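Top line first, the protein sequences correspond to chains A and B. Just so we're aligned, residue 4 is where the first sequence starts under our numbering, counting upward by one. Just so we're aligned, residue 4 is where the second sequence starts under our numbering, counting upward by one.
Heads up, a few of these hints could be off.
Cross-link-like lysine-lysine pairs, in silico, DSS-like; alpha carbons within 27 Å at most [to be verified]: (1) A:K6 <-> B:K40; (2) B:K45 <-> A:K74; (3) B:K45 <-> A:K60; (4) B:K40 <-> A:K60.
In case anyone wonders, no lab produced these hints; they're calculated from the structure. All figures in this text were calculated on a predicted structure; none of them were measured in a lab.
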Amino acid sequence: DVKVTQSSRYLVKRTGEKVFLECVQDMDHENMFWYRQDPGLGLRLIYFSYDVKMKEKGDIPEGYSVSREKKERFSLILESASTNQTSMYLCASPPTTGGFETQYFGPGTRLLVL
Amino acid sequence: GENVEQHPSTLSVQEGDSAVIKCTYSDSASNYFPWYKQELGKRPQLIIDIRSNVGEKKDQRIAVTLNKTAKHFSLHITETQPEDSAVYFCAASPSGSARQLTFGSGTQLTVLP
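Next comes chain A alone, as it looks inside the complex (with noise of 0.2 Å):
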């Protein structure tokens, strides 16, 4: 089975701080994501990994960045926390089924910005 960890459910940090959200995959996957969920807008991707060092926008990056140092770990970067970012972040990472991918998702992070 494939885990993906989160380093914290529950965060929450005053605007202008750096945050950073781990995520954590055991299945030696090359592939690691990061998005963002808000009620009513389902699923947005904000960055994704496809190697060591490697990373490349989603949809919603601003206002964020990513770290990949080791193939196991993926980190979620606010530079500078601001209140817009409350939300909930999940991280995943997608085996491939037949040829296909499909996300399996970390517990996720629910951040508080206040």
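Given chain A's structure and the hints, the job is docking chain B onto it.
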């Protein structure tokens, strides 16, 4: 890029009734359509998927249908049970790659006992 619209946003059914959630997509090249279920406080989990070379797929009480011509696909849940209450997301990908997976906005399904 791909755009996925999902309806309805909320759906209430009586236990034992059927529930249908519909999604439309814009990119005719999309060929992979997964559905995810997210229970309250839990992570989204894949429940069923369909590929463009198949018109229908069934897994016990859950089925998905795909109409490529009309560019829409639907999730059907029969004999609903209270544990089916959750948020359901559809998604579409033009390449079968998770890098290009676009999600719908979600449907809150409530099964009333």
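Okay, the hints, checked on the actual structure:
no., hint, result
1, A:K6 <-> B:K40, "holds, 18 Å"
2, B:K45 <-> A:K74, "holds, 25 Å"
3, B:K45 <-> A:K60, "holds, 26 Å"
4, B:K40 <-> A:K60, "holds, 26 Å"
In summary, this structure violates none of the numbered hints.
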